[in-house]
Amino acid sequence: MSAEKYDATPTTPVLSDLSRRVFLERLARYGTAFATVPAAMHALGMISEEACAAMGLPKEVEFYEKLPNRKTKCHTCPTECEREPGKESECRTHNNKNGVLYTYAFNNPCILKTDPIEKLPQYHFMPGTTTLSIATGGCNMRCLYCQNWEQSQSPPEKLKTFPFDGAQAKEMALHKKIPTFAYTYTDPVVFFEYIKDLVKHTRPSGIRHVAASAAFMQEKPLLQLCQNLDSITVTLKGFSEEFYRKICGDRPLKPVLESLVTIKKSGIWLEIVNLVIPSYNDNMKNIKEMCKWIVQNLGSEVPLHFARFSPEYKMKNLPSTPIPTLEKAKEIAQAMGIKFVYLSNVAPHIGNNTYCPSCKNLLIERLAFQILQNRMTQGRCPRCGSKIPGIWDNAKK
Amino acid sequence: MPSKIICLMLMFAVIAPCLPADELSQLQEAWVDKIIAPRHGEMQKMHEEISLYNLINGLHLTKQQIVAIVTLAQQAKEMRERYLGKGNDANAAALQQELNEMERLKQFAEQGKNVPASTPKGKRHHLRPNKSPKRAAVAAPPNMQHYQQELKRLESELDYVLIPAQKQVIEDFKPCLIPPKNLKNPVRIGQAKSNSHLSQWLTRIRNSKHEGYSLRLALQHLLKQAEKHQGSYKADERETILDKWEKGVAQARAMSDAEFEISKEELAQNLEPPDKKEKLQKIISNEIKTHNLPGKTAQFLLNPQIIPLLRDRLYLMLQNPNCNTQSERWQAESHCEDGSCTEER
Chain D
1 MSAEKYDATP TTPVLSDLSR RVFLERLARY GTAFATVPAA MHALGMISEE ACAAMGLPKE
61 VEFYEKLPNR KTKCHTCPTE CEREPGKESE CRTHNNKNGV LYTYAFNNPC ILKTDPIEKL
121 PQYHFMPGTT TLSIATGGCN MRCLYCQNWE QSQSPPEKLK TFPFDGAQAK EMALHKKIPT
181 FAYTYTDPVV FFEYIKDLVK HTRPSGIRHV AASAAFMQEK PLLQLCQNLD SITVTLKGFS
241 EEFYRKICGD RPLKPVLESL VTIKKSGIWL EIVNLVIPSY NDNMKNIKEM CKWIVQNLGS
301 EVPLHFARFS PEYKMKNLPS TPIPTLEKAK EIAQAMGIKF VYLSNVAPHI GNNTYCPSCK
361 NLLIERLAFQ ILQNRMTQGR CPRCGSKIPG IWDNAKK
Chain H
1001 MPSKIICLML MFAVIAPCLP ADELSQLQEA WVDKIIAPRH GEMQKMHEEI SLYNLINGLH
1061 LTKQQIVAIV TLAQQAKEMR ERYLGKGNDA NAAALQQELN EMERLKQFAE QGKNVPASTP
1121 KGKRHHLRPN KSPKRAAVAA PPNMQHYQQE LKRLESELDY VLIPAQKQVI EDFKPCLIPP
1181 KNLKNPVRIG QAKSNSHLSQ WLTRIRNSKH EGYSLRLALQ HLLKQAEKHQ GSYKADERET
1241 ILDKWEKGVA QARAMSDAEF EISKEELAQN LEPPDKKEKL QKIISNEIKT HNLPGKTAQF
1301 LLNPQIIPLL RDRLYLMLQN PNCNTQSERW QAESHCEDGS CTEER
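Those sequence lines, one after another, are chains D and H.
Numbered per my numbering, the first sequence spans residues 1 to 397.
Numbered per my numbering, the second sequence spans residues 1001 to 1345.
Chain D on its own, in the form it takes in the complex (with noise of 0.2 Å):
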């Protein structure tokens, strides 16, 4: 129905004397203009990022290609998602908005906290010091076991978020003096735009940077953020295609082996998370393959964790993982050369400790992610002077 039939005089210029459908009418077209503009403009590349931000746009996504009939093709991830106008991507975050593809992540986490480092896992880093820990909801892994599935699976709109930008997280980094930022709980590769920002404006201040990641990224983005971090935690979440398919929500393994290397060649700080789950990868023969390949392709100083399962999520049907099982994986580990072996979820226990590979002496001796005593002296074991790999500066002692 058209207004005009309401309309007693059409042309008169007097908001008083229009109806008020006429009123509603108009107010709901030019406001839809009013505010598509800017988008259409951003999408011309006709204002700035940060203006963008400021209007309370979403971030354009930094790898995607523009396919015919307004759709898109991210290039964050192996996932490559192909999405119509209107439609997300599989981590949640990333979205076709008349053929743009934004991300809803940037400046939204929904997680804030802090932690110790250890709880990363990272035990060759600046042991005993504290992280900001960011993570966004969304993620690009389906694991059926994840922890923080309430975040991981579900789009950073449906999430009480906390809006955090580049420049309060500055201010309140060095208001409480802390020394690193960590994004983990959920695939920090979703992020992956935020994590620059946050970067950008903190590492000038001295403020480091870590992550913990299933590390499913395309080669471009991954080397982008191995420049914007000192180190990155790296769960293997287990060593067959099979496994990857069954568990992870059909994700390949072959892309997260590359990554492992890449990371590796990119000089930043590496450590490699391994989550036992019984009768799904705890499987010795299939753990001794994953160690050989870790000492072939990333050498044998990478810190290896077994971590202990705990029924989460979709798989609350199975047990926690029985301790023997993780023991063996160290020893078996060990026995393929890798230099550091550790124990987590499990406390206390001497595989939670860091010992000297020379002469075997008691360097960090930890509980849970408590730091009981660290003996080291400037990264060197104190009594057979062996250096131990790590970032070991601003260490408490």
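Worth flagging that the hints you see were computed from the coordinates, not collected in a lab.
Remember, it's a predicted structure, so these values are computed and weren't measured experimentally.
It is possible that some hints are incorrect.
[What the hints assert, rightly or not] Using 30 Å as the maximum straight-line C-alpha spacing, the simulated DSBU-like pairs for lysine-lysine come out as follows:
hint, chain 1, residue 1, chain 2, residue 2
1, D, Lys-177, H, Lys-1193
2, D, Lys-339, H, Lys-1063
3, D, Lys-176, H, Lys-1209
Model the placement of chain H on the given structure of chain D, informed by the hints.
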């Protein structure tokens, strides 16, 4: 047995209103004596066993450690029995002497004679009907100092068996029926959830609409809950805590959401009311240390009750090297798809 208890309870409910207060209390006592008292020891033993199991589960002991602890606990048990035996002999003689004295007093009473003035006044108390028979045994106790020294020696041997992190867990352990989350289910690597109930209540109260008097009432209610666990406070202590909490809530409300998220754990920790029981515990443990007395390690791991529990655990570990507990074994076997759980892993 349960039907007997129900009958007694029903009878009590019917009869109670018709009885005078004195008889009522006697009946209550009789009821406690008949039903509760015989099982009290059983309940206490069960409580202790559950608590010890919780500690054992939290310590993640190895087979070698279990063997060593059982050996030392066995030695402690034998030593305890030896000392108790000595004590019994001494006590038996003293008790006999006490009974003889009472027999003499009975004769005076029977004959309606006055008790001679030479009888010490203290002895007369034993004629009171409610006097505990435990008090009657006033024998010289066995040499406790020597016993404690021996126990301390065994405890120091445990130092070589346990790793420092395990000792830390024992030091922090409080006997419990339901283990605290940080013992049974510690926060895991990469886990976002926090176990801190303090930050949870601070978030709730921050987001609530309570203001002024209503806020004070809400905080008073919270403090009452806290007092159940941490011991009651004096009126002025209570006011100080409530004032501090009000300031804390105002501080939390003045923060931005992001700032509060980052600071809430720290803020909640500052607002934690003083734990009187814990304070007392610290004083006691300091005293124990200064007097070189056996500590918490001896209290729990040299307890004779731990021996059968550890033996069971060891048996289970030897039966199935891949599983720590019975439930782990059952679950692993029932969920094993390819039979690999019984194979060499």
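Status of each hint after checking the structure:
1. D/Lys-177 x H/Lys-1193: holds (23 Å)
2. D/Lys-339 x H/Lys-1063: Given that 30 Å is the threshold and the Cα spacing comes to 25 Å, the pair holds.
3. D/Lys-176 x H/Lys-1209: Judged against 30 Å, a Cα distance of about 29 Å means the pair holds.
Violated hints are absent here; each numbered hint is respected by the structure.
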